[in-house]
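Novice: Sequence:
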Amino acid sequence: MLKPLLRLTCLPLLTCSLLVACGGTSTPATASTTDATTPVITAPVTIYAVSGTVTLPASTTAAALDLRSSSPDWAAPHVAGQVLVTGSTGSLDNQSVGTTGLRLANTPEGTSDQAYASALVAEGYQVQPNYLYRALTLPDDPGYPGNRGITVGGSVSTQTYLDRTDAASGWATLQTAGLPLSGAKVAILDTGADLQHPDLPGRLLAGYDFGDGDSDVSEDAGADAGHGTGVSGLIGAVGNNALGIAGLTWTGQTLLPVKVFSGDGASTAALASGIGYAVKQGARVINMSLGLPGGNTDTALAAAIQAAADADVLMVAAAGNTATDGLYYPASDPNVVAVGALADTDALACYSARPKGSDKALDLVAPGGNAGTGTSTCLNFTGTQILTLTTVANGTYALEAGTSEAAPLVSGAAALLRAERPDLSAAQIKAVLVGSARPVAGGRLLDLGAAVTLARTYAAPAVRSYSLTVQAQQSGQTVQSFKSSGTLTAGQSSLTFNLTALPASLYTLTASLTVDGVASAGTSSLNVTKDVTDVKLQVQ
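Residue numbers (mature numbering (1 follows the signal peptide of the UniProt record, and there is no 0)): -31 to -1, 1 to 509.
One or more hints might be untrue.
[As the list claims (entries may be wrong)] EDC-like, lysine to aspartate or glutamate: derived pairs with alpha carbons at most 20 Å apart: (1) 505 to 183; (2) 249 to 279; (3) 452 to 485; (4) 505 to 281; (5) 325 to 279; (6) 249 to 294; (7) 325 to 281; (8) 249 to 503; (9) 325 to 500; (10) 249 to 183; (11) 329 to 294; (12) 452 to 503.
Calculated from the structure, these hints are not laboratory results.
Using the sequences and the hints given, assemble the complete structure.
Specialist: Written as structure tokens, this is what we have:
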């Protein structure tokens, strides 16, 4: 039997008085006396609570989550003057970034980030860079700018990508069934959104800005201004309103802007916090049109992605905008749907990232438009860029190109499917999208019409019943026990437990789980000196 995984996060003490017998059990003891006049009363004992989750055996755990087995890449873009620290931070100059177990430590003046990190590692800390992620739209050449309205160079630009992904057939099937085209809630981790855009009224939820730490998700001025608005428009510009463009989803307040960009890019801390926030807000799909070239060394972000996957959230990311660097992260994460871009043919666009070495394959491709990367072989402006939104200040509508534009087409389709079949898990929705895609030279091309049809006939997940027992034991004797039973929901990969009234001591935690008659178990040691939450137990 493998040892269960255990992760602890300590919270402030919760104390109360309890009279306990000498045997160390949790049963209150009455006062004993030696004679009728001299009572001997046992001293009050401080007790604590231990809670957490038991992960089901089938739950996926990315190998990258082991912080100690990954080598940080200090040459990659990262926030200067600080490092990310997980675990106990002692007396370090640090601040919480809103994600459990993740803290920023300021690098001392005169010391490099890498040298400071090495010193912390030598002291037993787990440290990595606070990586900077980039938005993945390729801007047009200055001679071919985005235009006000829909007319470009004397020609009318239309949403040709909707024809190529057979969006109309999918919409028609849903409407015939009496289903609205609102889609499930989608979190858009990006540069924010233009809250006053005329093609987004009633579509945007409040959201939060993790780049600046406030509730203002408005777009900032800068090189990436309008990126998040454009992505939001592809997913959810109001449809059938005789104005501008139509998103994959048309109506309803289901778009959650999560602003993660500030200054030079989106940091690991902002992204990890943004993902956790999206999960807590009930997002069923997360779009990330951003990325970092190179292999996955960002274990803090990988942990946030794993937690979202465990919560049955479907995550979609742009594959990247350079053809020779392999898949960008987070698209390369096994828990994320990686989306490449097609230009005006069914081959991968010249800029689209593609697998390299041990990279996984692209999961899907979608139209991303033609674009230039500064090389003669990739300059091909033929009017087939992606027509989408930009900020009102920048012209309201624009032509863009990149894998940033391909990914939200998949996210919009996923949102429609999750609303159509809320009983299907994220893994099943991914299977529908991939299984219904059209094989083309560049990969598997998103086909909304076929996906909606397949989803309607997709077998409902089997109902799985479970029973769980978690015990705190000493010397083979049970001190406290927690029991629960019921049925697992689609995509559910963990169960919660809560043990109360545990005196300070060393315990063996045992978890016994039965799912549809199949038993599994796991154990771990835990020294209880205060309240503990977020304990992770793995059963095999």
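Novice: Now tell me, hint by hint, if it's right for this structure.
Specialist: Each hint, compared with the structure:
| no. | hint | result |
| --- | --- | --- |
| 1 | 505 to 183 | violated, 31 Å |
| 2 | 249 to 279 | holds, 13 Å |
| 3 | 452 to 485 | holds, 16 Å |
| 4 | 505 to 281 | holds, 17 Å |
| 5 | 325 to 279 | violated, 27 Å |
| 6 | 249 to 294 | violated, 34 Å |
| 7 | 325 to 281 | violated, 28 Å |
| 8 | 249 to 503 | holds, 15 Å |
| 9 | 325 to 500 | violated, 46 Å |
| 10 | 249 to 183 | holds, 17 Å |
| 11 | 329 to 294 | holds, 13 Å |
| 12 | 452 to 503 | holds, 18 Å |
Comparing the model with each numbered hint stated earlier shows that hints 1, 5, 6, 7 and 9 do not hold.
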